[in-house]
Amino acid sequence: MSIGVQSLIAVAVGIVALYGMQHTTPYYSDIVSSVEIKAAQGKPVSTDKFTMGVADVHMAKEIVIPSFNAERVYRTDGQWLVIEAVAKANNESTSLSSAFWRGPSGIRYTLSARPSLVPGLIGSERLEPGIPRPVLLIFEVPEKEVEGGTLLVADSLVNPLSQQAAIAMAPVEAKNRHQSVVIKRAGKVLPWTLEFR
Amino acid sequence: MTAKAGTGERRQYWISVALLAVAAPLALFLPSRGEWLDWFAAKARQPVTVERGTTQELAGATWRLVDFTPLPGDLPETTVLLAELEVDVTDADRLRKAAPCLMTLTDVKGRRWSSNFLLPYDARNLRPDVAEKKSCLNLIEAQPGTLQLTGNFIIPEGTEGLALILSMNGEPQQRLLLR
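Order-wise, the sequence lines are chains A and B. Sequential numbering of the first sequence, starting at 1, is according to my numbering. Sequential numbering of the second sequence, starting at 1, is according to my numbering.
It should be emphasised that the hints constitute simulated quantities derived from the structure, not laboratory data. Hints may be right or wrong, so weigh each one.
List of simulated lysine-lysine pairs, DSS-like, C-alpha gap at most 30 Å [stated by the list, open to error]:
no. : chain 1 : residue 1 : chain 2 : residue 2
1   : A       : 188       : B       : 133
2   : A       : 188       : B       : 109
3   : A       : 38        : A       : 88
4   : A       : 61        : A       : 184
5   : B       : 43        : A       : 88
6   : B       : 97        : B       : 43
7   : A       : 43        : B       : 109
Computed Cβ-Cβ distance ranges for the label pairs, DEER-style [said to hold, decoys possible]:
no. : chain 1 : residue 1 : chain 2 : residue 2 : range
8   : B       : 157       : A       : 56        : 23 to 29 Å
9   : A       : 28        : B       : 30        : 19 to 25 Å
10  : A       : 70        : B       : 141       : 40 to 46 Å
11  : B       : 141       : A       : 77        : 51 to 57 Å
12  : B       : 143       : A       : 56        : 51 to 57 Å
13  : B       : 41        : A       : 91        : 19 to 25 Å
14  : B       : 34        : A       : 91        : 28 to 34 Å
15  : A       : 193       : B       : 31        : 51 to 57 Å
16  : A       : 110       : B       : 51        : 47 to 53 Å
17  : B       : 160       : A       : 69        : 48 to 54 Å
18  : A       : 8         : B       : 38        : 50 to 56 Å
Here chain A is said to cover these stretches of chain B; the calculated rule only asks that three of the stretch's residues, wherever they fall, bring their Cβ under 8 Å from a Cβ of chain A [as the list claims (entries may be wrong)]:
no. : segment
19  : 70 to 76
20  : 107 to 121
21  : 155 to 164
Just so it is clear, CB atoms sit at the ideal spot from N, CA and C, and this is done for glycine as well.
Chain A with its partners taken away, still in its complex shape:
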């Protein structure tokens, strides 16, 4: 093989290697991103900052929030997911400021900001060590992103290499599929009650 051919092969190999590195080298933000602690719905998951368990998931086409003299109705072309969970801090007071629903396609949906004044929403109250608190999470997602979804919760996405609970969610049971979910204010222990229509 002539030297010219060898040089061409070397250059080609170099180009392929560089192309591969360009497309596979993670960004710095990926390297220091949250570490997922995997769990399944029904079992508590414990990160270094908090412990959490999902109790129930409800799916509906509309959410109703009673207010003083009227009801606020929030409709969607997709599905509302109303998730009831319990969380507590492990060793020091903390707040859960990050929650996503990751659909089977990999797309992440952040907490819905549409229904406001919902009692017990995650992040609204600080968690304390040794004191479990009920927390509510509400997502608005396309119907095809519901089944096979994963709930991602973290105290912060800003801290490098912080741990994030990744809870693989079970299919929503038939008894938990509704037309409407009414979220009412309740007491101090459980801040909300759900009614279904």
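Got chain A; can you put chain B on it based on the hints?
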């Protein structure tokens, strides 16, 4: 000749390894401009323990833990712990610059509770006098003299071995452990 060259290469190899062992940590530490050393020093520094009834100087004031008062919590099986301190301000300018103070409650298991901004509703009704006392934030306008300071924490009932960790935002190098 070959044996001599081999010895020289081995020597060069081990010198390079030794230099690498020195250079690699330096490459990590030097760009931080001492921040790593400060971090290690802060971690290694233990808080000054202040037993009940005794006082300790910190950031232009003398601090004394007056009492830990348990009050009923809003939630079942919880307690609101009210920490009351007496602060004798000797250098108001220094205290104002170092303010606000930071309070953390710790227990025998090493768990840490951050203080609440407001006293919970039920506890507030039992101790209306707390509204007249100062909080850590009020120290930004401290004047010479003695003031009563409070902090409150929501903890599980039956928590044992409680102690208060107190530090100043502007002088984090010293902490007090009041118990």
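To see whether the hints hold, each was checked on the structure:
no.: 1; hint: 188/A <-> 133/B; result: 27 Å, holds
no.: 2; hint: 188/A <-> 109/B; result: 28 Å, holds
no.: 3; hint: 38/A <-> 88/A; result: 18 Å, holds
no.: 4; hint: 61/A <-> 184/A; result: 17 Å, holds
no.: 5; hint: 43/B <-> 88/A; result: 26 Å, holds
no.: 6; hint: 97/B <-> 43/B; result: 23 Å, holds
no.: 7; hint: 43/A <-> 109/B; result: 25 Å, holds
no.: 8; hint: 157/B <-> 56/A: 23 to 29 Å; result: 28 Å, holds
no.: 9; hint: 28/A <-> 30/B: 19 to 25 Å; result: 21 Å, holds
no.: 10; hint: 70/A <-> 141/B: 40 to 46 Å; result: 45 Å, holds
no.: 11; hint: 141/B <-> 77/A: 51 to 57 Å; result: 54 Å, holds
no.: 12; hint: 143/B <-> 56/A: 51 to 57 Å; result: 55 Å, holds
no.: 13; hint: 41/B <-> 91/A: 19 to 25 Å; result: 23 Å, holds
no.: 14; hint: 34/B <-> 91/A: 28 to 34 Å; result: 29 Å, holds
no.: 15; hint: 193/A <-> 31/B: 51 to 57 Å; result: 56 Å, holds
no.: 16; hint: 110/A <-> 51/B: 47 to 53 Å; result: 49 Å, holds
no.: 17; hint: 160/B <-> 69/A: 48 to 54 Å; result: 49 Å, holds
no.: 18; hint: 8/A <-> 38/B: 50 to 56 Å; result: 55 Å, holds
no.: 19; hint: 70 to 76; result: holds (count 3)
no.: 20; hint: 107 to 121; result: holds (count 5)
no.: 21; hint: 155 to 164; result: holds (count 3)
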